[in-house]
Amino acid sequence: MEKDTEGEPKKDAEPNKSKGKAGEIDGDTLALQRLKALGHRMVEEIELGESPAFETVVRSKGNVIFDEEGGFLRLGQKRERRRFLNLSQSKIFMQTLAVAAKTKKFIEEDLHTSIRGLYYQLKFTMGEDLDENLFDEQSESNALIEDLEAALGVKREDLHLTTDRKGVMAGPIVIKDHFAGEDVYIDGRKQGRSGWAIPSDVDNDMEIVELDANYVLVVEKDAMWQRLNEDRFWQKEKAILITPKGQSSRGVRRLIRKLADRGLPIIVFTDSDAWGWYIYWTIKTGSMNLAYLGRDFSVPEAKFVGVTMSDIEEYDFLKKLTIKAKEVDVKRAKDMLNYPWIKKHPEWVHELKLVLKTKKKLEQDALQGPRLTFVGDYLREKIHEKKFLP
Amino acid sequence: MSPLDGSSVEKGKSAEQTIKNSGAREREGKTDKISGKAGSKANRESSSKSSGAFKEYSVAEFFKKNKQMLGFSGKVRSLTTIVHEYVTNSLDACEEAGILPNIRVEVEQISQDRYRVVVADNGPGLPKHLIGKALAKMLTGTKFHRYIQQRGQQGIGAAGATLYAQLTTGKGIHVISGYRGKMISCDVSIDFKANEPKVENLEEQESSFHGLIVEGEFADVKYDASQYGVLEYLKRTAIANPHATIQLIAPNGERHLFERSVNELPRRVREIKPHPLGISAHDLLDIAAITPATKLGSMLTTELSRFSAEKLRRVAELADVDMNKSPKDMTWYDAEKLVKAFKQLKWIAPPTDVLSPIGKEQIEKSLSNILFPEIISVVERSPKVLWGGVPFQVEAAIAFGGKISRKGEIMRFANKAPLLFDAAGCAITQVVKNIDWGRYGLKKFDEEPIVVLVNVVSTHIPYVSAGKQAISSESELTDEIKNAIQEAARGIKLHLVHKRKAAELAKKKKAFLRYVGQIAADLSALSGASKEEIEERIKYIIEHRFDMGKGRERTEAELASVEDANERKGAVSEGSDDSKGKKGEIATDTRNTTDVAEGM
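Protein sequence lines, in the order shown, are assigned to chains A and B.
All residue numbers for the first sequence refer to the working numbering, where the first residue is 1 and numbers rise by one.
All residue numbers for the second sequence refer to the working numbering, where the first residue is 1 and numbers rise by one.
Looking at chain A on its own, in the form it has when it is part of the complex:
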């Protein structure tokens, strides 16, 4: 395959396009169609006397491209074939096919499970037939699930595979959750102190039925979210308040994407250190690991509200509250300076260089220094004055 890395990715390599085009089709319905098509294609190959095979996009770093126009990370056009009659691939091929068959069943039965559950299902059904453990480790199945996602152009959630839930939301939003045969309406304003736990799949059987917000505020830390929730920040600001509790899960990223699609500005609030900023950039451009998911898992429109190193100049008291940057922070800052999509922003180069120079960082919690409610005031001020970093 030619090494054209800038061209348009193939249609079925990009999940959201088909989804967007055929909006009325659920992700899992599409997944089911594609699983069947995959099976038919292979049977045809076998009938032609060829090795059953499937094609998938190369997911390695070498095939990760920053889409300038879209502003997110995606995969290039490098594709590879996984063939059964290739000794080094036959086992992984067989495993992938087993996963495919199993997930087809899950979709048909409308049941969900985790990768771990899948792992035991496969172990259970194959254990008797063969003298070797076909899935020795769960980590083995993870890579081939990614293969399958890329090959089918669907997300694992569409295959009824769940991941760990992480992240909490509150705010003026109502979601209809069709779950276990019943419709449940979730009101983001009535979630009390704990908020609504964001599930791994916010696409299938999940619908935003009411939305009355001005913007979305994503807060890195759960502690900060609780603080702002107690202040009823979301009510005062008419904002959707989300915390991914650190790095964003797939569900959180999908939810932010969906809210952005509804026209809401996405504003991110993290620590003033390389790790926090990296959390922001993952939300904005997506990560290299999940680049195969492309636009569906990135929010290029997102803006960064703080905390910035420059805030330390702005708010005098913060000077006293800085702490020393760790080795990993410095290293991460250096890495980020090398990413083309970051280094094209002079504001970020400035911030990152400040970290390298001062070797200092500032936690978002420090904004509670003067008084506990200061953090809300800080955010309101910056958001209204649009003091954002790109």
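Treat each hint with caution, since some may be false.
Stated by the list, open to error - In silico DSSO-like cross-links for lysine-lysine, where the CA-CA straight-line distance does not exceed 27 Å:
1) Lys36(A) with Lys539(B)
2) Lys359(A) with Lys343(A)
3) Lys102(A) with Lys531(B)
4) Lys105(A) with Lys61(A)
5) Lys245(A) with Lys324(A)
6) Lys320(A) with Lys331(A)
7) Lys91(A) with Lys501(B)
8) Lys531(B) with Lys105(A)
9) Lys91(A) with Lys507(B)
10) Lys531(B) with Lys36(A)
11) Lys123(A) with Lys360(B)
12) Lys221(A) with Lys258(A)
13) Lys221(A) with Lys190(A)
14) Lys91(A) with Lys509(B)
15) Lys326(A) with Lys245(A)
16) Lys539(B) with Lys105(A)
17) Lys539(B) with Lys91(A)
18) Lys531(B) with Lys123(A)
19) Lys510(B) with Lys123(A)
20) Lys91(A) with Lys360(B)
21) Lys507(B) with Lys360(B)
22) Lys123(A) with Lys91(A)
23) Lys102(A) with Lys539(B)
24) Lys102(A) with Lys360(B)
25) Lys190(A) with Lys166(A)
Stated by the list, open to error - Coverage of chain A stretches by chain B, computed from C-beta distances (three or more under 8 Å per stretch; other residues unrestricted):
26) 27-38
27) 46-60
28) 95-108
Quick caveat, the hints were computed from the structure, so don't treat them as lab data.
If you're wondering where the values come from, they're calculated on a predicted model, not measured in any experiment.
Each residue gets a CB set at the ideal place from its N, CA and C atoms; glycine is no exception.
Use these hints to put chain B onto chain A, whose structure you have.
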């Protein structure tokens, strides 16, 4: 016989000279007489009569001092040497008479280190008057000064064995000879004082038996099954002489039979005159002692090959030696000058069709009969010339796998006679050790079930020492040995590569087949097609694709793609970001190679 056939690496420093040096320092005079004994009958008679010096020098004494050199060092080796002397005589006698040899060797233990040895053959036998000379005449030499490919005696030939019997047990040997309708039975020993054979208790009767049976008791010897023992010696002799049937009855009563694998005698060897470039000063002096020529000039033209009147004139000029003097008056210095002059002239090479190698087919047959290997690769090089004057030829064979249990075994032969001792000093061993066996698909020579056989045939084998158990590393010779072994190794390599490929294919096929059931079930679940049909179809594809008869190119490409893919797989399993760049690139390459494989 080593001292007298002049075969030793440094010409002029042969065993004989060592004998001479140990006996008397001066070449002129006394020692002249010792060497002069062997040769033409007349000459032998006269020298034995006139050699007063020799009589004072006891034969027994001489033997004791030169024991090692004569092959009698160590108990095991001594027994092997005894058997070697008799068996060599038997093989030579049979071949000369045009008889396919049947040789039986019996070794019986009498006490701790005392054994009875019987060697019987179906040769022409010995006439009455030659029995003593053949078996008990010290420094006898029907083979003396013959420029002919011969197996070569160890030390002083059969007489050495007789002498050893006498020295260790006080008794001579018993001989039965069936010759032209008569069967003669007698005891043979050496009269130490006269240095003459003694034949006693002679009985004669009419008989149709032909052949020779030699029976003797020997002490200070030992039989074992080591690689230096009689069994190994006879096994290798059988390998190098596939036209002979050889059997051994070992002391424990076990019978080892090496049956002939070909029914034709080897090509007759032809005697040639020595070539000026293959001769030493010492050899010239030996020739001078036996030549009927009266002038040095005529001796050179008649006794040496390629020697014309013109050459004689030029040699005389270069060497500044009087060609009219009697050969008997030639001094060591004269001889040296002549040899030096020979080397300054150009000569037509000696004929090379006088040699008789074992033969490619013969080696193959005997190796497969005796070693039962998985594969044999034999190479017979064309004859070459050493030093411009000595024809030689190298054969090499490699046997691998099968019933071969010893690892990295080297079988060395000189004129088809096995060389069991002094392995480290031998050119053959050195060449084998220096070959990069990895290039031929053999990782470690010493750990592989492999036998390398090398046979060097020549009218004059250059040995390292008088022990005649190690061939000297003359570059012309080692090059040939190396070429021969490498060529044979290539044959083995091809086999090994094909074998490994076949094994690889079988393994692959098996690996694929075990997944077929699962694949078929899952494909059926995905597509709705019948599981049985899918399974049958995939099995058919696998069988078809891994059918070995479908040509090698495909399988080679397949293998290549597997190797590439393995590399790639290694990268896939690493999940970290850092490894992914590499993975991507390799993966793209793999796609190309798998496509190639697919297209087949």
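Going down the list of hints, with the structure as the test:
no.	hint	verdict
1	Lys36(A) with Lys539(B)	holds, 22 Å
2	Lys359(A) with Lys343(A)	holds, 19 Å
3	Lys102(A) with Lys531(B)	holds, 16 Å
4	Lys105(A) with Lys61(A)	violated, 33 Å
5	Lys245(A) with Lys324(A)	holds, 22 Å
6	Lys320(A) with Lys331(A)	holds, 24 Å
7	Lys91(A) with Lys501(B)	holds, 21 Å
8	Lys531(B) with Lys105(A)	holds, 16 Å
9	Lys91(A) with Lys507(B)	holds, 14 Å
10	Lys531(B) with Lys36(A)	holds, 15 Å
11	Lys123(A) with Lys360(B)	violated, 60 Å
12	Lys221(A) with Lys258(A)	holds, 21 Å
13	Lys221(A) with Lys190(A)	holds, 21 Å
14	Lys91(A) with Lys509(B)	holds, 13 Å
15	Lys326(A) with Lys245(A)	holds, 20 Å
16	Lys539(B) with Lys105(A)	holds, 26 Å
17	Lys539(B) with Lys91(A)	holds, 16 Å
18	Lys531(B) with Lys123(A)	holds, 20 Å
19	Lys510(B) with Lys123(A)	holds, 22 Å
20	Lys91(A) with Lys360(B)	violated, 49 Å
21	Lys507(B) with Lys360(B)	violated, 36 Å
22	Lys123(A) with Lys91(A)	holds, 14 Å
23	Lys102(A) with Lys539(B)	holds, 23 Å
24	Lys102(A) with Lys360(B)	violated, 64 Å
25	Lys190(A) with Lys166(A)	holds, 19 Å
26	27-38	holds (count 3)
27	46-60	holds (count 9)
28	95-108	holds (count 6)
Going down the numbered hints, you'll see the structure goes against 4, 11, 20, 21, 24, while the others check out.
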